[in-house]
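J.: These are the residues of each chain, in order.
2 protein chains.
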Amino acid sequence: MTGSLSRFSINQMTVKQLAMPELVDACLELGVPGVGLWREPVRTYGLEATAKLIRDAGLTVTTLCRGGFFTAIDAAERAKALDDNRRAVEEAATLGTEVLVLVSGGLPTGSKDLHGARERIADALAELGPYAEQHGVRLAIEPLHPMYASDRCVVSTLTQALDLAERFPAHQVGVTVDTYHIWWDDRAPAQIARAGASGRIHTFQLADWTTPLPEGVLNGRGQIGDGAIDMREWQGYVEAAGYTGAIEVELFNDALWARDGREVLAETAERFVAHTA
Amino acid sequence: MTGSLSRFSINQMTVKQLAMPELVDACLELGVPGVGLWREPVRTYGLEATAKLIRDAGLTVTTLCRGGFFTAIDAAERAKALDDNRRAVEEAATLGTEVLVLVSGGLPTGSKDLHGARERIADALAELGPYAEQHGVRLAIEPLHPMYASDRCVVSTLTQALDLAERFPAHQVGVTVDTYHIWWDDRAPAQIARAGASGRIHTFQLADWTTPLPEGVLNGRGQIGDGAIDMREWQGYVEAAGYTGAIEVELFNDALWARDGREVLAETAERFVAHTA
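Just so you know, the sequences run in chain order A and B.
Going by the UniProt record's numbering, the first sequence opens with residue 1, and the numbers climb by one from there.
Going by the UniProt record's numbering, the second sequence opens with residue 1, and the numbers climb by one from there.
Among the hints, erroneous ones may be present.
It does not matter which identical chain is used: a pair holds within one copy or between any two.
[Unchecked claim] Straight-line Cα separation of at most 25 Å, DMTMM-like style, residue types lysine to aspartate or glutamate; simulated pairs:
| # | residue 1 | residue 2 |
| --- | --- | --- |
| 1 | 52 | 239 |
| 2 | 52 | 267 |
| 3 | 80 | 48 |
| 4 | 112 | 233 |
| 5 | 112 | 239 |
| 6 | 112 | 263 |
| 7 | 52 | 25 |
| 8 | 52 | 151 |
| 9 | 16 | 215 |
| 10 | 112 | 254 |
| 11 | 112 | 29 |
| 12 | 112 | 226 |
| 13 | 112 | 267 |
| 14 | 80 | 22 |
I should point out that these hints are in silico values taken from the structure, not numbers from a laboratory.
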């Protein structure tokens with residue numbers, strides 16, 4: 001059985017060629033009920049203006065991407081990162097979303113200490129969690145594929161993300177479940193169950209795995225249905241774990257970005273219906 | 001404390017620009033005692049000729065790369081792969097190495113079933129293991145980094161590799177521990193201990209993790225010391241697990257391949273001494 005658009009959310013990055021009003025128009029035209037926003041385009045259009053635009057259109061902001069980058073060793077850099085994350089929490093609250101996605105950060109230059117970097121993330125969450133709670137925002141640690149471990153995110157598996165999250169209350173810190181990052185991991189289904197049992201699945205995102213990977217491996221996330229990932233299988237895991245929220249499609253893909261944004265959004269909505277339950 | 005060359009083995013792929021006799025000459029000149037060979041250049045120079053050349057030079061063949069590619073569904077393809085792996089076992093025996101490295105294979109075209117692919121690997125090992133034993137050769141399943149899960153190797157972690165290997169006797173099937181593929185995995189140290197406890201560390205290989213990754217992510221393995229991996233830390237894990245064998249350096253790197261092969265071998269030997277204990 002195929003799905004409907006009722007739980008679909010388009011992550012803004014998938015169609016970053018659309019300016020904010022174009023994105024909202026396209027969502028209304030296609031019947032897309034939710035959007036995941038990024039801080040940079042929100043800043044470009046204006047925070048309050050974006051909040052009003054989305055609210056007036058009746059769209060739901062499912063997540064704000066992204067906070068994080070907590071792994072610096074230098075005290076001044078760490079203070080600056082925490083300040084920036086407090087701003088991200090405030091922006092999420094203003095935009096009316098409860099979920100701030102966190103990309104935790106890679107190894108500092110010259111460091112080979114993954115364990116130490118992961119501990120510094122925990123230190124930052126201890127400060128940021130209560131601040132987020134005060135603003136009605138939950139933090140969603142996103143494990144990124146292990147190919148990003150050195151330069152982007154030392155949290156590589158759901159297991160590691162939950163080991164961090166569970167040091168804090170679930171309404172402060174949970175996880176992002178993104179198929180692109182975890183599909184290879186035979187332990188991930190059990191970790192989704194673990195996350196669900198403590199109410200820590202704060203968002204669920206889809207992207208497909210296609211090869212060859214492009215240089216830098218950032219912008220090769222496949223359109224839903226084009227790759228190796230069985231989306232219904234992963235939807236089944238999160239739903240069995242009690243997740244009933246939005247399902248975001250977040251693609252970073254040079255080929256999609258080169259096309260007409262509305263056309264890409266329409267195609268993504270079709271793929272979503274065809275490949276979810 | 002830095003290391004010596006006594007346990008160093010140069011994997012032939014690191015300096016693939018050197019023809020077989022050039023490789024042997026360079027090893028003798030630099031005092032490199034071991035080589036890891038690949039089937040294709042062995043075939044180019046001739047199997048018996050290579051065996052004699054290496055034997056006469058007094059070098060040790062630490063591994064033969066590689067067998068594997070067991071994940072096909074089609075019966076004829078599977079039979080062909082098994083035949084080819086029997087030839088690889090025979091070649092290893094002729095070359096005088098006890099270790100055949102296995103790269104297990106990716107998802108068949110159109111398949112999204114990682115679990116099924118892993119089971120077909122087990123089926124192949126059940127046939128190949130006894131054949132290898134008869135030839136005095138041990139099979140070394142190599143978990144490849146999760147970024148290769150779809151197109152090259154569905155075995156992505158040491159845990160998965162050992163789950164497969166432990167279905168068979170240790171003198172038939174063990175694992176390859178390669179820093180490049182497992183360095184991000186906080187469970188890998190415990191899995192190395194697990195492998196050592198059952199005598200299944202059949203080879204230990206070094207490569208460093210550098211970014212950005214190149215397109216296709218195959219040929220960007222970093223020279224020892226250039227990246228994020230603490231080689232002594234991993235050497236410590238395998239030695240604590242009882243491994244006393246050769247340490248191979250295996251780099252696939254376009255920049256190294258573009259240079260003079262002897263110069264690259266000399267540099268690699270220097271880096272080995274500087275970064276091992």
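J.: I want to check one pair: residue 112 and residue 233. Are their C-alpha atoms no more than 25 Å apart within a copy, between two copies, both, or neither?
T.: Between copies, since 10 Å is at most 25 Å while 36 Å is not.
J.: Within a copy, between copies, both or neither: where do residue 52 and residue 239 come within 25 Å Cα-Cα?
T.: Classified as neither; 32 Å inside a copy, 61 Å across copies.
J.: With identical chains treated as interchangeable, where does the CA-CA distance between residue 112 and residue 29 reach 25 Å or less: within a copy, between copies, both, or neither?
T.: Cα proximity of residue 112 and residue 29: none, with 49 Å in one copy and 33 Å across.
J.: Reference check for the pair residue 112 and residue 254, CA-CA at most 25 Å: within, between, both, or neither?
T.: between (31 Å within a copy, 24 Å between copies)
J.: How do residue 52 and residue 267 come out at 25 Å by Cα distance, when the copy is not named: within, between, both, or neither?
T.: Classified as neither; 27 Å inside a copy, 61 Å across copies.
J.: From the Cα coordinates, with 25 Å as the cut-off, is the pair residue 16 and residue 215 best called within, between, both, or neither?
T.: Cα proximity of residue 16 and residue 215: in one copy and across copies (20 Å, 23 Å).
J.: Quick one: residue 112 to residue 263, C-alpha cut-off 25 Å, is that within a copy, between copies, both, or neither?
T.: neither (44 Å within a copy, 27 Å between copies)
J.: Is it within a copy, between copies, both, or neither that the alpha carbon of residue 80 lies no farther than 25 Å from that of residue 22?
T.: Answer is neither; intra-copy 33 Å and inter-copy 55 Å both fail.
J.: For the identical chains here, do residue 52 and residue 25 meet the 25 Å Cα criterion within one copy, between copies, both, or neither?
T.: Only inside one copy: residue 52 and residue 25 sit 14 Å apart there, 73 Å across copies, limit 25 Å.
J.: Is it within, between, both, or neither for residue 52 and residue 151, if the alpha carbons may be no more than 25 Å apart?
T.: neither (36 Å within a copy, 46 Å between copies)
J.: When Cα atoms must be at most 25 Å apart, do residue 112 and residue 226 count as within-copy, between-copy, both, or neither?
T.: Between copies, since 11 Å is at most 25 Å while 36 Å is not.
J.: Within, between, both or neither: how does the pair residue 112, residue 267 come out at a Cα-Cα threshold of 25 Å?
T.: between (42 Å within a copy, 22 Å between copies)
Checked against the numbered hints listed earlier, the structure breaks hints 1, 2, 6, 8, 11 and 14; every other hint is satisfied.
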